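Novice: Sequence:
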Amino acid sequence: MFLLYCPPLFLSLDLHLLIIIRNAFKVCTIQTMSPMKMKKRILPIPLILLIPIVMLAVVMTAGIYRFTLSDEEILAKFPSQQIAADAIVERLTGIKTANPLTVLVPESKAFALMTDFDVENAIVVGQYDSGAERGSVTVFAQYWRELEADKASWFVAPLAISNQGSGHFYYLGLFKYDPVPRRVVMTDAQFLGDRIRLDKLTKTENSSILLSYQQHSANQSFSEQPLEIVVQEFLRQGDKLKPNK
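Quick note: the sequence shown uses our numbering, first residue 1310, plus one each step.
Heads up, a few of these hints could be off.
As the list claims (entries may be wrong) - 27 Å max Cα-Cα, derived DSSO-like pairs, lysine-lysine: (1) Lys1485 - Lys1554; (2) Lys1551 - Lys1509; (3) Lys1405 - Lys1460; (4) Lys1460 - Lys1512; (5) Lys1485 - Lys1551; (6) Lys1549 - Lys1512; (7) Lys1485 - Lys1512; (8) Lys1460 - Lys1551.
For the record, the hints were derived by calculation from the structure and aren't laboratory data. Note that the coordinates shown come from a computational prediction; the quantities given were computed from them, not determined experimentally.
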């Protein structure tokens, strides 16, 4: 691969290599004139072996030259390419990457590709299909919060899973941006309830997440508006969310 990083060197090396090969063939072929035609006599094989030896030396020289360059010097030799950033990821995180936001559907091996941003309702919607089950994932962008970063950037946001049934299952999702694959993925989710109503999500001074919402009480049916107020606190531990009891 280093051949790609030093084109100016190889242009000059290729010219010198062609000259060497041409002169080698001139030396290897001795022409004698006769009245009728020219005769050629090939010199011994060891002289011909000089050609691959010279080529090997050229390649080794180019390799040494390549590894004396820093990454910045190599990148400076090539024009920077514009990356078409994913609009949803950029809007949520401020990070420019071409890779879209993906959500691992809880209690499933299916992934939802988040493709639609409803600005009016401040939600991001994606579809998933695991074969036996299909449905949609909704991430509530108005509650999207950035957490303290370490080697990666971390975010939290509530999301809802809707499948063929009547339920809307709410979770608090933990999202990670890893700069190596340049991708935002959900690493964990904590179940909140079925058909709840979100109220507020805040970060506390100790970097925990405080979420308040309303759920149905034991005496309510799911057709009614939830009235029971719940406040839960969560902490990030590695790539997991843990309830702070």
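Novice: Does each hint fit the structure? Answer for all of them.
Specialist: Going through the hints against the structure:
Between the alpha carbons of Lys1485 and Lys1554 the distance comes to roughly 24 Å, so the proposed pair stays at or under 27 Å and holds. Of the supplied pair hints, the one linking Lys1551 and Lys1509 holds, its CA atoms being roughly 18 Å apart against a limit of 27 Å. This hinted pair checks out: Lys1405 and Lys1460 have alpha carbons roughly 17 Å apart, not beyond 27 Å. For the given pair, Lys1460 sits about 20 Å from Lys1512 by alpha-carbon distance, which is consistent with the 27 Å threshold.
Our distance criterion of 27 Å between C-alpha atoms is met by Lys1485 and Lys1551, whose separation comes to about 16 Å. Restraint check for Lys1549 and Lys1512: the C-alpha separation of about 16 Å stays at or below 27 Å, so the hint holds. For the given pair, Lys1485 sits about 17 Å from Lys1512 by alpha-carbon distance, which is consistent with the 27 Å threshold. Of the supplied pair hints, the one linking Lys1460 and Lys1551 holds, its CA atoms being roughly 20 Å apart against a limit of 27 Å.
Checked against the numbered hints given earlier, the structure satisfies every one of them.
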